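Q: Now for the letters of each chain:
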Amino acid sequence: MSEPEARGGALETADDIIVAQDVKKWFGRFQALRGVSTTIRRGEVVVVIGPSGSGKSTLIRCINRLERHDAGMIAVDGIELTDDIRDIHRIRSEIGMVFQSFNLFPHLTVQQNITLAPRNVRGVPKATADEKARELLERVGIPEQAAKYPAQLSGGQQQRVAIARALAMEPKIMLFDEPTSALDPEMIKEVLDVMAELAGTGMTMIVVTHEIGFAKAVADRVLFFDEGSIVEESPPDRFFTEPQNERSQRFLSQIL
Amino acid sequence: MSGRPLLPEEVPLVLEDARPVELAPPRPPATLGEWIRGNLFSSPFNTVLTVVAGVVIALGGYGVLRWIFVSADWQVVKANLRVFMIGRFPLEETWRIWASAYLAVFLAGLSVGVTGIGVRRTAAGAARWLILGGLVVYALIFLLDGLRVWVSIAAGAALLGIGIAVGRAGGRSLRIPLAIGWIASFLLVILLLRGFGGVPPRLWGGFVLNLVVAVVGISLSFPAGVLLALGRRSSLPVIRFFSIGVIEIVRGVPLVTLLIFGQFVLPLLLPSGVRLAPILRALVMITIFAAAYVAEIVRGGLQGIHHGQYEAARALGLPATRMMLLIILPQALRNTIPAMIGQFISLFKDTSLIAVLGLNDLLDVSRNAPRLEFSGDVKEALLAAALLFWIVAYSMSRWSQRLERRLGVGER
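Here the protein sequences come in this chain order: Z and C.
Counting with my numbering, you get residues 1 to 256 for the letters of the first sequence.
Counting with my numbering, you get residues 1 to 412 for the letters of the second sequence.
What the hints contain is simulated information worked out from the structure, not anything from laboratory work.
Computed from a predicted structure; not experimentally measured.
Some hints could be false.
Away from chain Z, derived, C-beta distances all over 12 Å, residues of chain C [unchecked claim]: (1) Pro28; (2) Leu32; (3) Ala108; (4) Gly156; (5) Thr257; (6) Leu270; (7) Val284; (8) Ile341; (9) Val356.
Just so you have them, the derived chain Z footprint on chain C, three or more residues with Cβ under 8 Å [said to hold, decoys possible]: (10) 302-312; (11) 326-332.
Cβ coordinates follow ideal geometry from the N, Cα and C atoms, glycine included.
Could you put the whole structure together from the sequences, leaning on the hints where they help?
A: Written out as structure tokens, the structure is:
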């Protein structure tokens, strides 16, 4: 992990993996994103926080096109997101996503959950995919659960399977949409540990979360969202000790 | 301990639960007398209900049993058995039907063996099977004449047994060959019935006709219904409106109307030169009818799938078709099994409506065949027909329950 530097506008360099320029998104008459611009560099870990409904989830869902942005520009690894379905598939297979509610496939075993996309999207042979799945389950600490169905696992184990499933596609970027919000308190740490380990390997990560401890320890940069805009953007040690913006001060005083 | 409730901080912190494991006190099994008193005569009102119901059941049961075993003349069934089963199918060609039946029985045995459905053995289950089997054998002894038929039936039973044994031995490795076998059997049966100077469809009849129409109707209406359900949710307006149109129009019209429409209007819609036999026209209409209902059942199943499943599949980069085939449909269809089997049972029973078109299905022959020699008394024939329908429909329903139990285990 490198120290964050001053952000150089939206100028794309080889180091920038995600570029968003003036991204706007409406749900009916509600404007969820009001012109968001930011740039994420390779290997950077960005934590996104803010009140609910502030647009933080919407932004990361636009990055892998689970939502279509209505205006502005998003480019991932040099490919601009348009309506071209082939570009969308290409970008999605570069980006792993972990959801608040896990969204594992309940009719498939843990092993099958992990090997499904490599086999069906990348055409990886079964033996290779199975071997990779074993490695990944080892890495997230539950190698003995491969043959079980998701419903037989605890929430923390399910979320770790979801992380392994996303990693099986060997993505360049991982998006986390409130990955610990649906977990019982005693299971949050096991998931955060896996995420911290992942950050240590140099993975580019965008994490929407309220886990301040995780943000302080792992993040290179904090984006604070309010009412569809990035209100403040700074390194975690500065953001959590001396927030500049009045709205971030209020938010922090409420959650800390 | 004092009577005052403890404050939270006073509650002792138990690190290790030292209490002995306590079992619920055993409840003595109720004797027959206790059960009768508890369930049938627990109150004056209940006693009156029990007595009245008992009298009604006794009188009705006596009448039915008396008619079955004393008054009824089952010779009409015996004399017409072949007609009931195969209608006007030529006698010298019946080997075609036997061969098809053997194929189906063998594949069914394989399926039972491979899936392991029906291996559960209990004393009560064994007793039930013994009683049922005894009744069937008793009925067959009365109905069947001649060594040839017995040998043919025994061969079928033996094939079923062999199929089950092979299926169990092969286990899951046989699943794909089995699926191919079922699909190939379709073509084989058609070839067996029609090929090599075979029998034209207008001579097909009896219960075999009901079975053929039901099997073909189910096999075609299922994929058609799934496609209609997906079409109804399509983002392409043409496909969506077409699907909605078919589903809503077909569901709003009685099946008999559709069948008659098929006989008189369908030929006008086909290009000149294409002629469909009446049986095929009936099949087309039955398939469309069932497909519309299947589509609504599938739609219900699709609505039960959480949108997170779609998002997870998309986020992994799965293209839409694979997402549907691998993620969405397997879950949606499993949830619809009870409703789906119900729809197929009703399709099977509805095949008797083709009698309206003058096709010689079981209902038609059991009403008309006896008239020639048995002075128009058809009660016994109709009852036998009803029993045949019931046996097949009830088997389907039992099979559906086992399937549900198997698919539900540990997976959700």
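Q: Beyond 12 Å on every Cβ pair: is that true for Val284/C relative to chain Z?
A: The assertion about Val284/C holds, with a minimum of 34 Å to chain Z.
Q: How does the segment 302-312 of chain C fare against chain Z when you require at least three residues with a CB closer than 8 Å, holds or violated?
A: holds (count 5)
Q: So is Ile341/C really clear of chain Z, every C-beta pair being over 12 Å apart?
A: holds, 19 Å
Q: The output says Ala108/C does not contact chain Z. Does that hold with a beta carbon cutoff of 12 Å?
A: holds, 26 Å
Q: So Leu270/C supposedly isn't at the interface. Is its beta-carbon more than 12 Å from every beta-carbon in chain Z?
A: holds, 38 Å
Q: Can we confirm that no CB of chain Z comes within 12 Å of the CB of Gly156/C?
A: Consistent with the label, Gly156/C stays out of reach of chain Z, its closest Cβ about 36 Å off (over 12 Å).
Q: Decide, holds or violated, for the assertion that all CB atoms of chain Z are farther than 12 Å from the CB of Thr257/C.
A: holds, 40 Å
Q: Confirm or reject: Leu32/C is not an interface residue toward chain Z, with every Cβ-Cβ distance exceeding 12 Å.
A: holds, 42 Å
Q: Verify this for me: three or more residues of the segment 326-332 of chain C with a beta carbon less than 8 Å from a beta carbon of chain Z.
A: Answer holds; 4 residues pass the 8 Å Cβ test.
Q: Does Pro28/C really sit off the interface, with its C-beta more than 12 Å from all C-beta atoms of chain Z?
A: Label holds. Min Cβ-Cβ 37 Å, cutoff 12 Å.
Q: Find the nearest Cβ of chain Z to the Cβ of Val356/C and say whether that gap is larger than 12 Å.
A: holds, 42 Å
This entry satisfies every hint, going by the numbered hints stated previously.
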